[in-house]
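**Student:** For the record, the sequence lines run as chains A and B.
Residue 406 in this note's numbering sits at position 406 of the first sequence; the count goes up by one each step and never skips.
If you want this note's numbering, it's the position in the second sequence, counting the first as 1, plus 426.
These are computed hints drawn from the structure, not numbers from a lab.
Being a predicted model, the structure only gives us computed values, none of them experimental.
Be aware that a few hints might be false.
Said to hold, decoys possible - Below, a list of computed lysine-lysine pairs in the DSSO-like style, where the Cα atoms sit at most 27 Å apart:
(1) B/Lys-524 to A/Lys-36
(2) B/Lys-428 to B/Lys-566
(3) B/Lys-545 to A/Lys-36
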Amino acid sequence: MTTTSGSAFTALTGLLDTDAIRKDFPILQRVLHDGKPLVYLDNAATSQKPRQVLDALNAYYEQHNANVHRGVHVLAEEATALYEGARDKVAAFINAPSRDEVIFTKNASESLNLVANMLGWADEPYRVDADAEIVITEMEHHSNIVPWQLLSQRTGAKLKWFGLTDDGRLDLSNINELITEKTKIVSFTLVSNLLGTVNPVETIVRRAQDVGALVLIDASQAAPHMVLDVQALEADFVAFTGHKMLAPTGIGVLWGRQELLEDLPPFLGGGEMIETVTMGSSTYAPAPHKFEAGTPPIAQAVGLGAAIDYLANIGMDKIAAHEHAITEYAVARLQEVPDLRIIGPRTAVDRGAAISFVLGDIHPHDVGQVLDEQGIAVRVGHHCARPVCLRYGIPATTRASFYLYNTQAEVDQLIDGLHHVRNFFG
Amino acid sequence: MKLDSMYQEIILDHYRNPHGKGLRDGDAEVHHVNPTCGDEITLRVRLDGAVVADISYESQGCSISQASASVLNELVVGRTVGDGQAIQEAFLELMQSKGQGEGDEELLEDAVAFAGVSKYPARVKCALLSWMAWKDATAKALAGQPVVND
Chain A
1 MTTTSGSAFT ALTGLLDTDA IRKDFPILQR VLHDGKPLVY LDNAATSQKP RQVLDALNAY
61 YEQHNANVHR GVHVLAEEAT ALYEGARDKV AAFINAPSRD EVIFTKNASE SLNLVANMLG
121 WADEPYRVDA DAEIVITEME HHSNIVPWQL LSQRTGAKLK WFGLTDDGRL DLSNINELIT
181 EKTKIVSFTL VSNLLGTVNP VETIVRRAQD VGALVLIDAS QAAPHMVLDV QALEADFVAF
241 TGHKMLAPTG IGVLWGRQEL LEDLPPFLGG GEMIETVTMG SSTYAPAPHK FEAGTPPIAQ
301 AVGLGAAIDY LANIGMDKIA AHEHAITEYA VARLQEVPDL RIIGPRTAVD RGAAISFVLG
361 DIHPHDVGQV LDEQGIAVRV GHHCARPVCL RYGIPATTRA SFYLYNTQAE VDQLIDGLHH
421 VRNFFG
Chain B
427 MKLDSMYQEI ILDHYRNPHG KGLRDGDAEV HHVNPTCGDE ITLRVRLDGA VVADISYESQ
487 GCSISQASAS VLNELVVGRT VGDGQAIQEA FLELMQSKGQ GEGDEELLED AVAFAGVSKY
547 PARVKCALLS WMAWKDATAK ALAGQPVVND
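Just chain B, same shape as in the assembly:
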């Protein structure tokens, strides 16, 4: 059934048991809204030098948007900002692939499960909500502190 390609078991697992949910200390906070469906996320980023030390969030929305935030946390926390941005760009590309992309599993890990969502134009924004919030918050955090070169 086509529906199973969207609601992969990995996605439903993240939805039921989200990683890193809840707001903790951060260097920058953003609030993003998907006005067409009312999904909302408040997301904080904490950086430790060039490393993403924490991504914490409070959100409400559908299973796709909730699972996506969980995957974001799992994938990006502990990486450098540069690696996180590469993952974010690869995920964006996958979500814009209109069902054609498969995603680089080495890079995207659980996030490749969202490939099926890219076939549903109304749901792509749900999957991207937390990632766009992370991108925005990270830019804010970087602007607010001196860049550490290693």
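Next comes chain A alone, as it looks inside the complex:
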């Protein structure tokens, strides 16, 4: 790979064998626009899928497809074993104390909404009512803002949030005023999808525990990229989605502490979530089934299990190291581009591999369009985190986000592409 301006940098160390990994991802072989190889840097939106996951989906539908649970025929037993086997894999992947703490949802948004609704319908001491306070942060994805606005509007609870510092971190200076005895729930992202910031979990959890508030962590941008240990986080709930971690769309996870899942009420009613039903009333199945009404996304769960096998086989610590090296390189090289301003931390310290930036006064849509013409896929816009854009006084950003299959050469291609953008609009 030749680059016009990358010669000052030597090869990075600590990288994965991306040549081997990329062979597992059929889509990465695609060639776009008159012979430009795809440079896929939109991983914070969704990841690509390895052949191992696609094969698992096909094998499920070709060999084992049936509805899960209660069936006495061979296929139903196989489908159930595969679906519940995926739950075991998730439990091990996040170091859950019990597999029964892993609830399958359709995505992280549903997981977050599920908690908000549980708490709205809960009895004391968990009930969010007019006297309660909810704490979130200004860097949340809309999916961790809107459910809380809805809950606040419906119950009269007060919604509060952490602000942001100029360098893209949470402003913790008023933590004791934000999280108080009135706080019922603190919900925040482990890694920002726009800024890339990795948040200080321990500080926030410690304060929440001191006042008896529950903690929900949105790990959508963390689970694909780092070791995720729900016991070490000491949170009460952790939400993430499958499609950002090599799995298909349509499968998400909510992990919750067992005693909470026992105490909290169901949200959606239907098949699968009951113990007995009469025309007058019903009793509910124990968690996790209490929270999985209706036929679940079976094939998608099986796909998530295969994705977890793939990631675990490489090692989440190695993936994190690879991305850290790529991020460090990308952050440095991006800052060589004239007029480019990174929105978020300007170093790789406590930072994930999603890097947002603005390029002079060239609108991100124009940046993205000209990069696309070179085969480079980035995301442009407010990334479902519009309050962050408002905070930094910008309408939108361009975001490049990296994953285990991205290479140093692809960072160089991005930089060359950005120089081309500047020339085009200059």
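Given chain A, work out where chain B should sit, using these hints.
**Tutor:** Below, chain B alone, put in the same frame as chain A:
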């Protein structure tokens, strides 16, 4: 290169030197947003009888949306509302043509340069933002004042 069909030199010229930008007095004001990309425009229309006396606007967005607002101003100011609406409808049709339309250059003048944009579904809304705002503001202005027949 395909990209040049979208970013025609005429479009880039309007983007760099927009016509009529800035807010001035008007009979009606609207604020339109493209929620998928965050482009925004505040647009005012001033009518003088049946004539569009001024279209003024403050906007933020990509080169396509900025250039489109500039072309709107250049084309429609000084025309009758009826002529402006005919141009607006012709432009809408061109933008919905999925790259098939060429546009009537007699009627659309510089706006035919946007024909290439119609090939990019994600960008069509950028091109239409100011025109939809103008349509909306004009309807408001007409509703707010007696219709003058000439």
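**Student:** Which numbered hints turn out to be false for this structure?
**Tutor:** 2
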